[in-house]
Amino acid sequence: MTTDEGTKPEGEVQAAALAERGEDITPARDRGVLKIIKRPGNDDESPMIGDKVYVHYKGKLANGKKFDSSRDRNEPFVFSLGKGQVIKAWDIGVATMKKGEVCYLLCKPEYAYGAAGSAPKIPSNATLFFEVELLDFKGEDLFEDGGIIRRIKRKGEGYSNPNEGATVEIHLEGFCGGTRFDCKDVKFVVGEGEDHDIPIGIDKALEKMQRGEHCVLYLGPRYGFGEAGKPKYGIQANAELVYEVTLKSFEKAKESWEMDTKEKLEQAAIVKEKGTMYFKEGKYLQAVIQYGKIVSWLEMEYGLSEKESKASDSFLLAAFLNLAMCYLKLREYTKAVECCDKALGLDQDNEKGLYRRGEARLLMNEFELAKCDFQKVLEVNPQNKAARSQISVCQKKTKEHNERDRRIYANMFTKFAERDAKALIQNSSKQKPMHGVL
Amino acid sequence: MSEERSQTTMAVDELQAIIQRCQILEESDFRGEDFNLFQVAGQKCLEDGYAAQLLEVIQNEKNKVIIKNMGWNLISPLVRCILAYKQEDDKRDDKREHCLKILDQLVQLCNPKELFLGLLEQIEQTSGEKVCPTVMLLLQPLQTVLLKLQNKKAYSVGLSLAMIMNQLTPLPVPYTKQQIQEDKLGLCQCCNAVVDFAKPFVNEVVKNMEKSSEYNDMELKEELLKFCMKSLKYPLLTAQLEQLEGIEEQPFRHFATEIIDILQDIRELMPLVFLHHKGKRSYWENQEFEDIERKNSADSLACLSYLMFVQHFGINCFPMVFSPSYLLQCNMTHIEVLLKRTEESMLSKGLDLFENCLLRMEDNSLLHQYLEFRDFINVPQDLVKVMTLCPIEHLRKKSLNMLQLFIDKFDAEGKYTLFRCLLKTSNHAGVEGYIIQKIKDQIHLSLTKAHDNVWFTRHHLISLLDLVLFLPEGAETDLLQNSDRIMASLNLLRYLVIKDCESDNQTGVWTTLAKIEKNFLKPLHVGLNMSKAHYEAEIKNKRENRREANNSNTVYSLTVSEEKMPAMTTEMQLQVLHSALFTFDLIESVLARVEELIEVKVKAAMDENI
Chain A
1 MTTDEGTKPE GEVQAAALAE RGEDITPARD RGVLKIIKRP GNDDESPMIG
51 DKVYVHYKGK LANGKKFDSS RDRNEPFVFS LGKGQVIKAW DIGVATMKKG
101 EVCYLLCKPE YAYGAAGSAP KIPSNATLFF EVELLDFKGE DLFEDGGIIR
151 RIKRKGEGYS NPNEGATVEI HLEGFCGGTR FDCKDVKFVV GEGEDHDIPI
201 GIDKALEKMQ RGEHCVLYLG PRYGFGEAGK PKYGIQANAE LVYEVTLKSF
251 EKAKESWEMD TKEKLEQAAI VKEKGTMYFK EGKYLQAVIQ YGKIVSWLEM
301 EYGLSEKESK ASDSFLLAAF LNLAMCYLKL REYTKAVECC DKALGLDQDN
351 EKGLYRRGEA RLLMNEFELA KCDFQKVLEV NPQNKAARSQ ISVCQKKTKE
401 HNERDRRIYA NMFTKFAERD AKALIQNSSK QKPMHGVL
Chain B
1001 MSEERSQTTM AVDELQAIIQ RCQILEESDF RGEDFNLFQV AGQKCLEDGY
1051 AAQLLEVIQN EKNKVIIKNM GWNLISPLVR CILAYKQEDD KRDDKREHCL
1101 KILDQLVQLC NPKELFLGLL EQIEQTSGEK VCPTVMLLLQ PLQTVLLKLQ
1151 NKKAYSVGLS LAMIMNQLTP LPVPYTKQQI QEDKLGLCQC CNAVVDFAKP
1201 FVNEVVKNME KSSEYNDMEL KEELLKFCMK SLKYPLLTAQ LEQLEGIEEQ
1251 PFRHFATEII DILQDIRELM PLVFLHHKGK RSYWENQEFE DIERKNSADS
1301 LACLSYLMFV QHFGINCFPM VFSPSYLLQC NMTHIEVLLK RTEESMLSKG
1351 LDLFENCLLR MEDNSLLHQY LEFRDFINVP QDLVKVMTLC PIEHLRKKSL
1401 NMLQLFIDKF DAEGKYTLFR CLLKTSNHAG VEGYIIQKIK DQIHLSLTKA
1451 HDNVWFTRHH LISLLDLVLF LPEGAETDLL QNSDRIMASL NLLRYLVIKD
1501 CESDNQTGVW TTLAKIEKNF LKPLHVGLNM SKAHYEAEIK NKRENRREAN
1551 NSNTVYSLTV SEEKMPAMTT EMQLQVLHSA LFTFDLIESV LARVEELIEV
1601 KVKAAMDENI
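Top to bottom, those sequences are chains A and B.
The letter at position 378 of the first sequence is residue 378 when you use the working numbering, and the numbering goes up by one with no holes.
The letter at position 180 of the second sequence is residue 1180 when you use the working numbering, and the numbering goes up by one with no holes.
This is chain A alone, in the form it adopts within the complex:
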């Protein structure tokens, strides 16, 4: 199948060969999808459910008419395998392929577009013929940052997932460097896996899993036990982990709109405690989840009584201040500043809020703004020695920074001057461009 011309007879021959000798790959054994391998793969591995697969393909109707080809578009076609994104024949067919393999598939309408067809190209009740090349596949990158790669061994049911705060029952096995370090059945609340020595990556991944799903998760250090490692399991700092997880069942946590104010305030007290506990243990990501709940419940709550409103504001203030602290520890300074801004929105002279915003800004090299914040701290509380010393840090840094700038610019200006001089000589015959008119 090198050119489109001349393939028609060949295509028909292939279709006939498939009908005759093709392997029936349907689970139902109803000859709905027949397959012949044209070129075996160079690797023994097949893609798993949920994997991102890259293919090139060409599709023809029974009369030999080509209806689609990824090669015409000049880019491989990418989809998630086994999730019903593509026609049934493909989910079945591509799952049987090995990397590098080229195969022919003959698909009955029940495994393609059925009686409805697919306007404008596929008529009703069409049997489709495909040539497919499996170029590559990789596990699903759950957060598009390479931190958690999932490969599904058994697909779950439905489309709903546990949310943050949902109660889940799972079975898990944890591996590090080929050694199994953990194996248990456990029931816990998503976001609080740490209580059972389960790293944050599992909590995050669970929010993308379905009931009954069984998968393998590859966790980067950030989603694993991080810099601290896990002495209990003999896990070093920054280790990569592999978990096998089965989500046996779950019960969703109430969404914010399902809770009334009273319930929100009661829960806020509980999660605040929990957040503080995580914070003290240095589990900042977990603490962020807990404090974040307070914000999501109370930030947009309207129609509170005076008493409720007071309680709500005090929870929110504490949540924002603590979130700011967590983000400082996590080195996410922009977020830290945002939280301080919100805290200061509730209480404009809040000493901690001002101080933490100053710290964050200092670390973002915004020395002038940082200095302002620390000065405001001193206005609120002249006894704050830390703020006083931070101001002098700011001043020192500003000075250093200015000097460095000066050196850089000095060089730059000399260079510009030299270049301009050269240009001037070259252009001396031409006229000088006119500036400043507008």
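Just so you know, the hints here were simulated from the structure itself, not pulled from any lab data.
Just so you know, not all the hints are guaranteed correct.
Cut-off 20 Å, straight-line C-alpha distance, at most; resulting in silico cross-link-like pairs (SDA-like, lysine to any residue) [claimed, not checked]:
| no. | chain 1 | residue 1 | chain 2 | residue 2 |
| --- | --- | --- | --- | --- |
| 1 | A | K66 | B | C1317 |
| 2 | A | K335 | A | T276 |
| 3 | A | K52 | B | T1257 |
| 4 | A | K155 | B | Q1369 |
| 5 | A | K254 | A | E240 |
| 6 | B | K1207 | A | N74 |
| 7 | A | K83 | B | T1257 |
| 8 | A | K121 | B | T1257 |
Dock chain B against the given chain A, drawing on the hints supplied.
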């Protein structure tokens, strides 16, 4: 005559004077004052109708440097003149011709950067019916200047396109065939001219992409992408995009094809169609901006989807391997966006897109799990809103058809869940009546087909019947307003009682009979008696009043959607009251029949037991 003559010379002379003074100056010695004098004199020449003389001055080789620096000042009066001539008679053709030549000369001679700003300023300042003529006039010059620009080209192209589109956006988009043919403001023509304007820049991007994979003018590409997104939202989202009889090349269809072609050429079409499934790169650090952008692009993407799937624009490069249910799932977001609107153009696009996606599916093939996606629950509710609130009849009808089609596509559990949801959310007796009728159809299928269907028999059905066979506010329910629902419920109950014997009890209706009597039949009796008494008393009242006052003064008025309805005479009121009584009688007779059937069946069963 001589006075006029002297005025002529005045304007031209003044221009000559300043020109002569500047001719001997170096470029760098031009002063702000000179610019002013030049502009005033030039403008006067144009206003007094001496375009020919001005053209001569501009074409003079000796004045090249002056024009290069100062020429752009003439753009504003020039544009004003050209547009003014256009509206007047043919005699001015000559002068208009001269002005156009001047514009052409300025484009050739002037400093591109200043000319660019001068042209853009003209577009910025125009408004109303002048927008299209101004844009049409300046597109060609603007394109030439942009192609000459050395620096910040991508930015300038983007700025021009954004400015033009922003100026066009307030204009109403022609929708009917007549409006399109008339094209009163010139919008149809103008849009297509804007695409032609953009083409050289598209070609540039294409050429660069061919050269290397890591093309360096991402910037220009981004600007063109923004233009396409903007065009999809306005005018395309509000435009008529169906083929119209009698118009060979429907201008907006043409425009749409061109926009899709651009997207395809700069290889952004496919990424856009599947945008919401990939965490697309975000330009904004600030969450708020990102939200605004997402909201803005939601409209554009919905329009794009409509163009691809319903109108088949660009479908050639669309992969033909996606499953119909996945396509529906991807489009559900767009359908929801469109159905949330109230404009005919958008609602009909939403309904067409929905129909297109549903027709790709086979009946009973959509898994109930899809209802776990929020938009699968939201869209049918939006349909209900359209079919109960939309003032346009064909859209109401189509919404109902789409609801029917949507229901048809689901598996039994999906239908069941959907019925429950719609009964709880529709708040409209007519819709509820319709749903109850659909429930009856499903029960009928379950009872007649060989294979057992658990969702419309036994305990699942009973819990659904709980939502059907009751009066929302007990005996106090407004029976008239709820008559559709009540009649459908009674019909359903009658069907169940006839079809299902107490001994079989396949539907479970006999188990729950006591509950039905308590929640539905008894309060219905009470309600009927109360309502009838009330209306009869009302009729009696009216009649007596009529006799007493011999009508006249007591005229009721009624307002429907802020429009005052014609006043009702007592006669008309009586008619309404009588038709209400008739409805109650109807309900009562069906109720009696149902109770009779129940009694007979219960008795028969008891006899059998003895």
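Which hint numbers doesn't this structure obey? 3, 5, 7
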